[in-house]
Every structure is written in C-alpha cells, then in structure tokens.
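**Student:** From first to last, the protein sequence lines stand for chains A and B.
Okay, so the first sequence: first residue is 21 according to this note's numbering, each after it adds one.
Okay, so the second sequence: first residue is 14 according to this note's numbering, each after it adds one.
Source of the hints: derived by calculation from the structure; they are not laboratory data.
Even for Gly, the Cβ is constructed at its ideal location relative to N, Cα and C.
Be aware that one or more of the hints could be misleading.
A short, non-exhaustive set of chain B residues, derived as facing chain A with CB atoms under 10 Å [unchecked claim]:
| # | residue |
| --- | --- |
| 1 | A207 |
| 2 | S233 |
| 3 | R234 |
| 4 | T253 |
| 5 | L258 |
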Amino acid sequence: MLENYTHEIDKIRKSIKHILNSILKANEIFLIAVKKCDIQKFDEAKSYLKNISSKIESIDNEIIKILALYTPEARDLREVVAYFKIDNELLRVVSNSRKLIKGFKDNCFVLDESIVNEYVMPLQISTVRTIENSIKMIGLDNSDELKDIYHAVMVEEDKTDELYMLLEKKIFESLKNINDFAKIHNILRVFRRSEKIADRTMSIANLLLYIQEGGTLKRI
Amino acid sequence: MIKAMNIKNFYFTYSGAENPALKNINLPVEKNKVTALIGPSGCGKSTLLRSLNRIHDLYPGNSYQGEIFLYDKNGKNSKNILKFKKENELIDLRVKVGMIFQKPTAFPMSIFDNVAYALKLQGIKNKTELTDRVEASLRGAALWNEVKERLKDDASMLSGGQQQRLCIARAIAVKPAVMLFDEPTSALDPVSTAAIEELVVELKKDISIVIVTHNMQQASRISDYTAFMYLGDLIEFDKTETIFLNPKEKQTEDYITGRFG
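Same shape as in the complex, but just chain B (with noise of 0.2 Å):
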C-alpha cells in the first residue's frame, strides 16, 4: 500500500471547546484510491477532512495534536502537515491538497478565468501554456464538450452540477496530489451527481481522493476504503467491500443498515 496521507494519533479540538471533536484519529488514506468518510452528523467527519489541508486555520483558536503526514508521489518521504507555520507552507499544502465543497463555489467571472485564475496565481503568464492548462483541466473534469464554445460566458449561467464540474477543474488545474470532497452532491439532481460519481472515480487513476458523503450508496458506489466515524471517534476502516458486507463492528452495521443515525 502506497500512502498519500497518513493520519496519527489525531486529535482536533474546536476554539472555545470543552473536549475535543476527534479523539485519537488513525487512518491511512491510499494513494489512488477513494477513502470514504461516513458516519451520522456531527460524527466529526467534516472536521476531519478539513483538517488534512488545515482549512480549519482559516480561523483562530482551534487546536490540532497528534501527526497528518503527508508523502510525496513515491510514498516514501513524508511531511508533518501539523508542524506547517508559515503562511507560504499552507498555501502550498492547498494547492497539494485541494478541496471541493458541498456548494459549487464558482468565482464571479468567465468559465475560462474560473479555472485559469489558479494557474495565474502559481505565476503561469503565458498564454498558450494558459489556454491548454484550461483545457486540459476542463477536459480532465469531463466538463470541456459542454463548455468548449462558451468559454467567456459567465460561470454563474452553468447549471449546478456543471459549476461543480467547474470546480473540480479549478481544483486539478493545479495538479493535486490529493483531492477532498466535502458531500460534493448533496446539492445536485441525480444526473449531476451520476456525472460527478463517474468524475471521481477516473480522478483516482492520476489523485487520491477523499469524500465525505451522507450517501450509502455513493460511498459504496465509488469507494475502496471506507471509514466509519461516530462521535468524534474512529469505530472502523476497511475495504469498502468489507464494510458493507462484513463489518467487524456492530455500530457500523447498525448504522448501514439503518439501525441508527
């Protein structure tokens, strides 16, 4: 097993908090393959996913313990993301570890400059190198047929599963090592969220990704590892195929079969 990230001994504690809302976190997320979190609301599994790009930081006074690696395309060397200070470290962890919200978050300006705009801010100018670093992200997000003839429209007229479409574009513009999807079609029709099933599922030949969904089924649809969370704790992680047929745990059972949660 090759890691792309490997979580250790993790706790997270919210700013103002009495106790903490992960306890003792240990999980390996595999490289090219989909981890799935789930688990009821409130388990902490946003908090966890949120945590491996420490978006958590955004804002003041959270704390963090314990150690989140994160390796390189080899899988052999690693760095603590935990021990990240300065302001250039964690930009550069995000651009490595890149995130898809529950809402598309599209930029209010083109479809082209949506995508292009991560590209700029990494200091790519030239045009050529722009337009096919665009396209090949667009491409990359199945989104390019839809989009090709209308690249300077506004990115607000696409449909919603097309801004996510948009998104995920953005995200793979800056060639991620790691990609988290925080229930990324929990605001979509079914076709939109078919579309963005299928997205993740070719994504992991080049990124491995991680994906917080409500959804049984998506999890059990697009995953290979899943991990079961409850109360901020870490009740079971195995193949996919293991934690829909034969979980270890009773909490885990119960819950996908629907006994709780």
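Chain A extracted, bound-state conformation (with noise of 0.2 Å):
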C-alpha cells in the first residue's frame, strides 16, 4: 500500500488509542472515586472524557476520506470497516461512562460500604481490565498474543455479567422498606452502565480480532 495510505490509517489507529485510553483513564480515576466518594475525583474522571465525541466524529470523516481515495482491500478493508464499526461502540462506552460517573456521583452515601467493597469495586475493576486489555490488541500483528488479549477480555466481561447478577440480588435482598424501591432501581441502573461498558468494549476487542482473523462480521 501507498506510503500516504499507511500514514492515514496509522493516525487513525492512534486515535482510536487514544480515545480508549481516556476513556481507561476516566474509568481507571471512577474506581479512585467511588472507594471514598470523593466528588473531586468523580469530576477529575468526568474530565478525561470531554471533546471525545467530536473528536470520534473526525475519526469517522477520516474514515470516508480513506474509502474513497484508496479503496483499500482485503486486511486493509477489514481495518478500515473495523474502525468504522469501533467508533460508534466508543461512542456508546463514552456515554455509558458518563453516566456511570455522573450516577454514581449523585447516588453516592446510599449503598452500604460492604456491598461497595464485595461487588461493586471487583465490577468496576473488571470493567476497566476490559478496556485495559483491549487497547493492548490495536496493532497487534502477532495472531497467537492477539487471540490470548481478546481471551482475557471475554473473561473479564464475563465477570462483570456475573458480578452484577450477584450486585442485583444483593440489593434486592437488603431492601427492607418497599418505597426505597425507586432508589434501588435508580442505583442498579447506574451500576449496569460498568457492565455495558464492558460489553461494548468485547464488541471493540472482536472487531479488532476481525482485521486479524477475517471471516464474516459478527454482532455480539
């Protein structure tokens, strides 16, 4: 491929990077926050995420612009639809961690320090390891490393299925009054945003196995 082709999609496999990484980041400093309550770190988290949907916007601009000079083909083709398809899931992990900051921050004092401790902070970790895990596989030439990262990510997004089933019913068991109903319902919402967070990040990390691997697309 031409030497302009690979300097365009190289800039935008680095942005792609590096959206991911703010987006660690914000998830990284939530879990910092949510340990102590600390508002400041909630905002600090908040503060990563800033600008990131315009900047996605140019991603997929630079996307057309590429199909439409270079009609890449084969792997290359597979990149560039790759990257098409992983900008509206970062779209969605992006808004997703907004509102588990936002969420979280807001409902802060109402859960008990125990279940914080026992099942939300192992969901928000696991969370984190997804994302984590799945910017190591951006660029990664090497099939048998890459199939081993995307592992490791199926089987921390597993763990936040799990963890928020046993979340769930853990809340549901402590409620003890039947009009703290909405509250509890308005907490779990907020703690379902980590495991769709993950989720969003598998659909991401079997993208990147796709350019890799080939084969037809799949929706997870």
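Build the complex from these two chains, which are given one at a time in their own frames, with help from the hints.
**Tutor:** Now the structure itself:
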C-alpha cells in the first residue's frame, strides 16, 4: 500500500488508541472515587471524557476519506471497516462512562460500604481490565498474542455479567422498605452502565480480532 | 499556494481542425503536489498535458491561445511559455518540464547511457560527475538496487516497469521543476504500477507533478488535486478529496461514479 495510505490509517489507529486511553483513565479514576466517595475525583474522571464525541466524528470522516481515496482491499478493508464500527462502539462506551460517573456521584452514599467493596469495586475493576486489554490489541500483528488478549477481555467481560447479577441480588435482598424500591432501582441502573461498558469493549475486541483473522462480521 | 505553473484562458487547436480541442482552460499547478487530469477519452487531458512543455510544436500547424506560466523555484517570477519561439528556449523548457509517456521509451543503449544521455546533452563530461548523477537518478527512480550490478546491460533487457522507472530516472537526472506523466502505468502490471505510484508520491517532495490517468483509483490514491475534463472543457478542479467525496458538478459525480464515460 502507498505511504499516504499507511500514514492515514496509522493516524486513525493512534486516534482510536488515544480515545480508549482517555476512557480507561476516566474509569480508573472513577474506581478511586468510588472507594472514598470523592466528589472531586468524580469530576476529574469526567474531565477525561470531554470533547471525545467530536474526536470520534472526525475519525468517521477520515475513514470515509480513506474509503473514497484508497479503495482498500482484503486486510486493509477489514481494518477500515472495523475502525468505522469501533467508532460507534466508542460513542456508546463514552456515553455509558459519563452516565456511570454522574449516576454514582449523585447516589454515592446510598449504598452500604460492604456492598461497594464486595461487588461494586470488583465489577468496575473487571470493566477497567476489559478496556485495558482491548487497547493492547490495537495494531497487534501476532495472532497468538492477539487471541490470548482477546480471551482475557472475554473473561473479564463474563465477570462483569456475573458480578452485576450478584450485585442485583444482594441489593434486592437488602431492600427492607418497599418505598426504597425506586431508589434501589435507580442505583442498579447506574451499575448497569459499568456492565454495558464492558459489553461494548468486548465488541471492540471482537472487531480488532476480525481485522487479523477475517471471516464474517458478527454482532455480539 | 506556491505555483509551479499556471494555465490561463488557454485554447488549443489542432492543425486543420475547425474547433479548438481545449477551450478556456484555467488551471493552477501547485508546487510539490500531484495534480491529476481525469476525464473520458477525447476530453483533451493529454492535449493539455502536452501543451505544458510545448511538445505539440514538434508537429506544424497547431495553434495556442492564452497563457501558460512557468514559475521559478520560489513561485514569484514567471515566464509565459507560449511566447517561447527559439529552439533553445523550447529545449530548456523540456528540461524544466519533463515528460513520461504511456509506453516506456528506453533508448537502444545501456542502462547507464540511457540516464547519462540527457546529462551529456547538458554538457556534463566529467566521468565522476556523470557516474554520481546517474546513480543519484537511478536511486531517485527506485531502480538502483535492481540494476547496480548490470549498468552496462542493454536497457531493453529490463521489464516494462523497470524501463518506465529508467525513463523517470532519465527525466529526473536533469533536475526538472515539473514532470508530466501521460498514463504512465497503463501498459504495466499491478506490481509495476504500485512501484510507479509510490515513486510519484516520493518524487513530489522535489518535483511538481501533473498526471493523466484513466484509472480513477490511481488519481484518488496519489494526487493532491484533481481536474475533471469533458469535451475540451475543464469542468471542475479541486482538492482530490473534494472531487472524490463531494464534487460540486453533476458531470464530475456522474463520471466518478461510472454513470458515463
């Protein structure tokens, strides 16, 4: 492929990696904030998600330009298509991260500390790990290494599903007064965001694997 | 925008023809950029390209109207090449504005002599200087590694793609400001085509390039600006990105999407 094309696709690869790193940072700081219900830390976490939507929009336009000018084929085509779809997933991850941070900040003192330590923290740790591992997959050519990291993403994503279910169960068990149901339902919706972030990151990992392995695009 | 050339209100009429083949063409050629001329057969793109180094003058009776300016290195001073009348002015023009044709035109001599030929014509006789400049040109044309062990071999022994790169080496040996490529890859296989395309992108760092191509993907891949021509008119000229993504003229869009031409 031409040097121009290589340069353009590399720019996109770097931009996606940069965005995922910002999302990772936001989720890592959120984890610290959750532990002590630190309002300043919640705001700091949110600051990492600023202007990301417009960055994603510009990546979309760059991808359209690549498709129009370079008509990529085979692996190159898979890579461009995958990044186009990853952009969409990134938007959802960013939106879920924002809602998670804001939602928990507003309901910080509602939950019992033991529930936070036993369920909320591990749930968020697994979510952070899915993001961390999917970043490692970007631009990786070694097929075995790529599959290993992909499996690590899958394991952490599975964990978030289970931890969320346990959290849901635990919270409903602790419900003593039916009048608190709305409050409890609200807080569960917040943590659902963490699980959704892991879901979307799994889709990103899936698309990154598709670049290397080919086959047909599958929706998870 | 620093210009390498600028075409203004340009008309060209072939000998004996009633109507001009090119009508009121206005087109800048930006320095160190690749400008692609696209359009269906007979639209005048090769005619326009050949006007840029007055190669039409090799045949009598053709007529020009308008102005074509060739700028100096800084893009400040310019000369109207249509005013050139003396033979040495035209030779000097073709040194500054080199041309690569569709079919590789290697001379019936050795690889080394093919490149040294133009340099000798320029009066360079010193063997060391000749050798150095031939090597630099062959390197510049991305051919050195393939031919360095057989510089004395007949150039006709090279493949089509290699011969085309040899022609490019010969052209760049005299350090032109502008290079004109007239469908340079239409007779080549995909591997040789890719090599030439990479070379064009590399060459633009030192030379301004105008290329005629029927291959739309080639124009989109390697050019910075694209001009779409139809029946002797320049329909649209813009950044390649704009032409291939958001053309302003319906005719351009129809041509690019394969609806006519």
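**Student:** Next, verify each hint and record whether it holds.
**Tutor:** A quick look at each hint next to the structure:
no.: 1; hint: A207; verdict: holds (8 Å)
no.: 2; hint: S233; verdict: holds (4 Å)
no.: 3; hint: R234; verdict: holds (6 Å)
no.: 4; hint: T253; verdict: holds (7 Å)
no.: 5; hint: L258; verdict: holds (5 Å)
In summary, this structure violates none of the numbered hints.
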